[in-house]
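Visitor: The primary structure of each chain is shown beneath.
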Amino acid sequence: EPEVTQTPSHQVTQMGQEVILRCVPISNHLYFYWYRQILGQKVEFLVSFYNNEISEKSEIFDDQFSVERPDGSNFTLKIRSTKLEDSAMYFCASRDRGPEQFFGPGTRLTVL
Amino acid sequence: RKEVEQDPGPFNVPEGATVAFNCTYSNSASQSFFWYRQDCRKEPKLLMSVYSSGNEDGRFTAQLNRASQYISLLIRDSKLSDSATYLCVVNIENYGGSQGNLIFGKGTKLSVKP
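Chains A and B, in that order, are what the protein sequence lines are.
Be aware that the first sequence starts at 1, since it is given in this note's numbering, and climbs by one per residue.
Be aware that the second sequence starts at 113, since it is given in this note's numbering, and climbs by one per residue.
Errors might be hidden in some of the hints.
[Unchecked claim] Listed next, the stretches of chain A that the computed footprint assigns to chain B, with coverage defined by at least 3 CB atoms under 8 angstroms from CB atoms of chain B: (1) 7 to 19; (2) 27 to 41; (3) 66 to 76; (4) 104 to 111.
[As the list claims (entries may be wrong)] Taking lysine-lysine and the PhoX-like style, the derived pairs with C-alpha atoms no more than 20 angstroms apart in a straight line are: (5) B/Lys225 - A/Lys42; (6) B/Lys221 - A/Lys42; (7) B/Lys157 - A/Lys42; (8) B/Lys157 - B/Lys218; (9) B/Lys154 - B/Lys218; (10) A/Lys42 - B/Lys191; (11) A/Lys57 - A/Lys42; (12) B/Lys154 - B/Lys221; (13) B/Lys221 - B/Lys157; (14) B/Lys225 - B/Lys191; (15) B/Lys191 - B/Lys221; (16) B/Lys157 - B/Lys191.
Calculated directly from the structure, the hints in this document are not laboratory data.
C-beta atoms are modelled at their ideal positions from N, C-alpha and C, and glycine is treated no differently.
The task is simple: from the sequences and hints, build the whole structure.
Guide: Structure (structure tokens):
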């Protein structure tokens with residue numbers, strides 16, 4: 001069964017450093033998403049991406065964040081200058097034309 | 113304000129028990145409804161979509177009441193493997209171009225004991 005994959009599974013970085021989180025969505029899917037989940041809290045929407053552009057972003061997704069689909073398979077989330085409060089699980093999700101979204105296993109980001 | 117509210121639990125039940133989870137959502141523009149399950153430190157996994165007519169998948173039954181903005185999940189004959197956090201999720205799609213971002217509840221923790 002096709003699935004969303006994400007790398008790395010765990011990223012440790014120093015405050016102020018840039019990180020890039022990578023995702024490979026399910027191959028025939030059209031809509032891509034990033035969500036995050038701070039430990040003990042609910043899953044929160046960050047950004048949606050369709051047709052090679054951002055379609056919606058939350059207030060969390062400020063100028064420090066960017067997304068890119070550099071080729072036909074990868075979908076990346078970049079955090080330019082990480083803060084302590086960026087420590088969280090970051091989940092990528094994708095869907096086709098239906099409403100159901102399928103999530104990758106996540107990247108645990110730890111900012112020291 | 114867009115919110116999804118759930119009883120956080122935990123629900124501690126014996127194997128074989130029937131357990132019900134409830135959820136309310138505040139935005140009447142919500143279009144699609146789901147239950148996801150999440151194991152500790154894992155990704156949310158789609159359990160089932162919820163339809164207005166109610167739907168069943170094996171031991172799992174979901175109901176939606178749009179008038180009351182209320183969603184439920186019933187699990188019959190609980191198994192040890194059902195232990196997880198159950199997330200109530202809604203999708204607000206508007207015709208202005210929103211691509212259906214999911215709004216999650218905090219989840220209800222279920223622990224099934226032998």
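Visitor: Out of the numbered hints, which ones does the structure contradict?
Guide: Result: hints 1, 3, 5 and 10 break, sorted rising.
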